[in-house]
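J.: So you can see what is in the structure, the chains are spelled out below.
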Amino acid sequence: MTAQLQAQSRSRTEDGAQPVISGRDLSMVYRARAGETVALQNATLTVAPGEFVSLIGPSGCGKTTLLRLIADLIQPTSGELRVAGKSPKEARESREYGYVFQAPVLYEWRTVVKNVMLPLEIMRFPKAERQERAERLLKLVGLQDFGRRYPFQLSGGMQQRVSIARALAFDPKLLLMDEPFGALDEITREAMNDELLRIWQETHKTVVFVTHSISEAVFLSSRIVVMTPRPGKIERVIDVDLPYPRDESVRQSRRFFELTTEVRDALKGMH
Amino acid sequence: MRREAKGLKSERRGFSLPAKVSAFLPVLTVLVALILLGYPLALLFGLPLALRDMRDLRKWEKATVTAQPPQRLNGTTLTFKNPAEDGVLVRDNIPVDTPYTVSGDTVTLQAEPSTPLVTWGETPTPVSETIYRYDGDLPDPPTLYVGGTLAVGGATPVAETPDDVRVSFAFSGATGPILLDDEVLSAGADYTVQGDTITFAEAPSFGGELRRVSGDYAVLNDDTVVFAAPPSGEVRVAESVVRLAERLSGEADGTNQRFTLLQTPVVETEPYDVYVDDTPLPSDDERPEERVDGERATFTFGSDEGIVTVEGVPQTEGETYTRDGSVVTFTEPPARNAQLRGYPGAFVTDFQTGEVMLARAPPAGATVWTDAYTVYAQPGCGGDVIACFLALPQHPVPFPHWIAARIGPFFNKFPLNDERNIVRAVLYTAAGTLSALGLGAAVGTLLAVLFVTVRPLERALLPWLVASQTVPIIALVPVLLLVLGNVGITIQTSLLPTALIGAYIAFFPVVVGTVKGLRSVDPLALDLMKSYAATPTQLFTKVRFPAAVPFLFTSLKLAAAAALVGALVAETESNNRRGLGFQILGQVQSGNVADVWILLLISALLGIGLVALVGLLQRVIAPWERS
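Chains A and B are the protein sequences, given in the same order. Going by my numbering, the residue at position 38 of the first sequence is 1423; the numbering climbs one at a time, nothing skipped. Going by my numbering, the residue at position 571 of the second sequence is 614; the numbering climbs one at a time, nothing skipped.
For the record, the hints were derived by calculation from the structure and aren't laboratory data. There's no promise every hint is true.
Capping the alpha-carbon separation at 35 Å, the derived lysine-lysine pairs in DSBU-like fashion look like this [stated by the list, open to error]:
no.: 1; chain 1: B; residue 1: Lys456; chain 2: A; residue 2: Lys1474
no.: 2; chain 1: B; residue 1: Lys102; chain 2: A; residue 2: Lys1471
no.: 3; chain 1: A; residue 1: Lys1474; chain 2: B; residue 2: Lys573
no.: 4; chain 1: B; residue 1: Lys456; chain 2: A; residue 2: Lys1558
no.: 5; chain 1: A; residue 1: Lys1524; chain 2: A; residue 2: Lys1474
DEER-style ranges, computed between Cβ atoms [claimed, not checked]:
no.: 6; chain 1: A; residue 1: His1589; chain 2: B; residue 2: Thr580; range: 30 to 38 Å
no.: 7; chain 1: A; residue 1: Arg1418; chain 2: B; residue 2: Ala485; range: 40 to 48 Å
no.: 8; chain 1: B; residue 1: Arg562; chain 2: A; residue 2: His1589; range: 39 to 47 Å
no.: 9; chain 1: A; residue 1: Ser1444; chain 2: B; residue 2: Leu500; range: 51 to 59 Å
no.: 10; chain 1: A; residue 1: Pro1614; chain 2: B; residue 2: Leu500; range: 41 to 49 Å
no.: 11; chain 1: A; residue 1: His1589; chain 2: B; residue 2: Leu656; range: 39 to 47 Å
Calculated Cβ distances over 10 Å to all of chain A for the following chain B residues [unchecked claim]:
no.: 12; residue: Thr173
no.: 13; residue: Arg176
no.: 14; residue: Pro273
no.: 15; residue: Gly297
no.: 16; residue: Pro406
no.: 17; residue: His438
no.: 18; residue: Phe453
no.: 19; residue: Asn455
no.: 20; residue: Leu519
no.: 21; residue: Tyr575
no.: 22; residue: Gln581
no.: 23; residue: Val586
no.: 24; residue: Val592
no.: 25; residue: Gly629
no.: 26; residue: Leu643
no.: 27; residue: Trp667
None of these values were measured; they are calculated from a predicted model. Don't be surprised by glycine CBs; every beta carbon is placed ideally from N, CA and C.
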């Protein structure tokens, strides 16, 4: 049973010839007057197509830094990084990824549907297609009836779902998510987790997911990258061999508990 | 994180009103504030003026100015109008020697006078029913009796001056015949009467003397009188009449020079005619022949005696000056241009107490008196401070209901085809303000975009923009208008000057607000745009501009108020007759305080309206802003 699950997991990680993300010895050093801060040290990470990889660790472990490096929002001090076989800058300019922030970052002057259409406008999609995609994605995140609302009329969870729909709008192969459910309550978060998994399976995206929450990481991921701070570095990579699709029963399973413990131990620096 | 903060804010707290009521809230507030503040403020600013008027004795009403001749001769009893308690009976300025007592209006002689109390002149001969001619010169003033009863003379001059054009004149308090340059006009042929208004068939010539008989008669010239109505009995002219004059209190013991007028306070600054027995004292004051240059100590006056005053203060002979005939020598030279006067007769040393100082002590037992007495009954404005407040010619803050009463006439003052019509003025100012606002907003937004995209430009220009706002607009306006006037653009003919001046102060808040707005974008929102590989243009149009809109509208509300001020100031240009600015200036200059207040209210309402218009625009353009 276990071997079968591992095989399934492996098959997901190894079937693509070319990894979506391949980073080697990535370091990020912030220089300030007070001195240098090593945000990330010699991180090496490879993500295969279709994987759901979580980056977990306490504050200051460099997980957001790593995500922003992949997104080319910042540039590494040293190391090599390829995204979708290109340099991060080329990948960004050819719109290879969709980014979801911790906050929904909705544009308050746009209605929900227009927020989802924003990237499509920027990428100059034809108007009819913009409309069609936005409606389809709102349906995917269960907000088909809220398109005409303004963001302030939505709850925090709904706003975050809009944000996810927006990231998916232009159909990027890669989804970078930076603690998207961090600000939500536990109940909403678990519902969002279910939904995210459903979307991931429907769309076959590659997801890199930053989180604080061990149970969230275990529940969602096919692989968990455990990071530790000062300096921020990758401590361990744990394969999650729980079968997909995952539902509430997975949260109750013994294996879920074991993996949770394993991640927790890794976070404490115990091998 | 920002979104959460906004989410919390959306939870409205505190007291709120239904939307329909709150829309009128600004107007309601103004009205309530006006009523609650208007009355106390009117009293606060008006009462001190009223008190000042009350205390100003020069503005008091004279009850009696001259001693009246008796109305009736009845044995030894004489009836006077308003007699002074301690009067002195005089005839031809000579005190009557018969003893008498005064009680009420009645003076009772204790014995038959040795000479008749009235001496009659010629009887005037009637020229017409109402015009009588006297053979010789009439005494001045003439004392006329009709059938043994005293007649009262008087004619009221017209309020307006004839100017060859005006045909209608208003008289008040007179009902008798109309006199033009001492000619009696005939009713019907020369003029028609309607209430107080006289309309002439022909406009009276420029500078003509127009009067209307207000008493029983009026003097036409030195020998003719005209009666208001044909006299009912024999007309007689008295040549000398017994009058009641004012005795000065103080004992004439041969040394006393100081006497006191009975009726105080003495308000008149005119010298009093003071008599010692039957001799009038010289009443004129004298100036020295020499200039008072601060060095000279010796001065020459016209008379050999008298009281010498420096700056109205009497000097003591032997102490501060010595006299040698008409030459006065001071121990110290009076200060340069000090007022030096000689009073050869008498000098009023204290107007409040009515103290009169005579140049020479009258002989013992002499009667010292003045031929007129004056009673100042009450302040001219009324008996109390409220009456005086109500009688103020101009109230700094009029009562709200007075202002309200002016609104009707104010709006009807000029017809709609006159550019001074108030509705047209409001529309003109509104148009000027909106142009100024539009121009200011365009320039302001453009500068803000420049500043955000080219940062060094902001550092180079912003100090100058700040400096531009410290230039008083009132100093700038004439210069700008002069420049524009030279190329033929005036406020009278174009909105451009108003727009420029209004925009000059309106653009500044737009720059500051829009720069802040363009920079207010959430850094994550910028990251997101970067992740989409958006172009700089897209960044501006899709994110920075929309994010700046709420800031822009807040600035625009400030700018609307500023633009209105600019437009009003611009319209005060001297040749302009359009807009509220002109109206305010005009009413301020002509002192119509109530109208100024109405205009201020209208301006305030216009300002509120313009700001509300900006708010409405915001609701249409930026419906996501919940404010």
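J.: Report holds if the minimum CB distance from Val586 of chain B to chain A is greater than 10 Å, and violated otherwise.
T.: The claim is violated: Val586 of chain B sits with its nearest Cβ about 7 Å from chain A, within 10 Å.
J.: What's the verdict on Lys456 of chain B and Lys1558 of chain A, does the C-alpha distance respect the 35 Å limit or exceed it?
T.: 77 Å, violated
J.: Holds or violated: Lys1474 of chain A and Lys573 of chain B, Cα atoms, limit 35 Å.
T.: 11 Å, holds
J.: Is Gly297 of chain B truly not at the interface, in the sense that its beta carbon sits beyond 10 Å from all beta carbons of chain A?
T.: 105 Å, holds
J.: Does 51 to 59 Å hold as the CB distance between Ser1444 of chain A and Leu500 of chain B, or does it fail?
T.: Given a distance of about 40 Å, which is not inside 51 to 59 Å, the answer is violated.
J.: So is Leu643 of chain B really clear of chain A, every C-beta pair being over 10 Å apart?
T.: 38 Å, holds
J.: Do His1589 of chain A and Thr580 of chain B keep their Cβ atoms within the hinted range of 30 to 38 Å?
T.: 34 Å, holds
J.: Is 40 to 48 Å respected by the C-beta to C-beta distance linking Arg1418 of chain A and Ala485 of chain B?
T.: 42 Å, holds
J.: Taking the closest pair, is the beta carbon of His438 of chain B still more than 10 Å from chain A?
T.: His438 of chain B clear of chain A: closest Cβ-Cβ about 52 Å, beyond 10 Å.
J.: Does Arg176 of chain B sit more than 10 Å from chain A, CB to CB?
T.: 98 Å, holds
J.: Hey, is Leu519 of chain B genuinely clear of chain A, shortest beta carbon separation above 10 Å?
T.: Non-interface label stands for Leu519 of chain B: nearest chain A Cβ at 37 Å, farther than 10 Å.
J.: Minimum Cβ separation between Thr173 of chain B and chain A greater than 10 Å?
T.: 91 Å, holds
Checked against the numbered hints above, the structure breaks hints 1, 2, 4, 9, 11, 21, 22, 23, 24, 27 and satisfies the rest.
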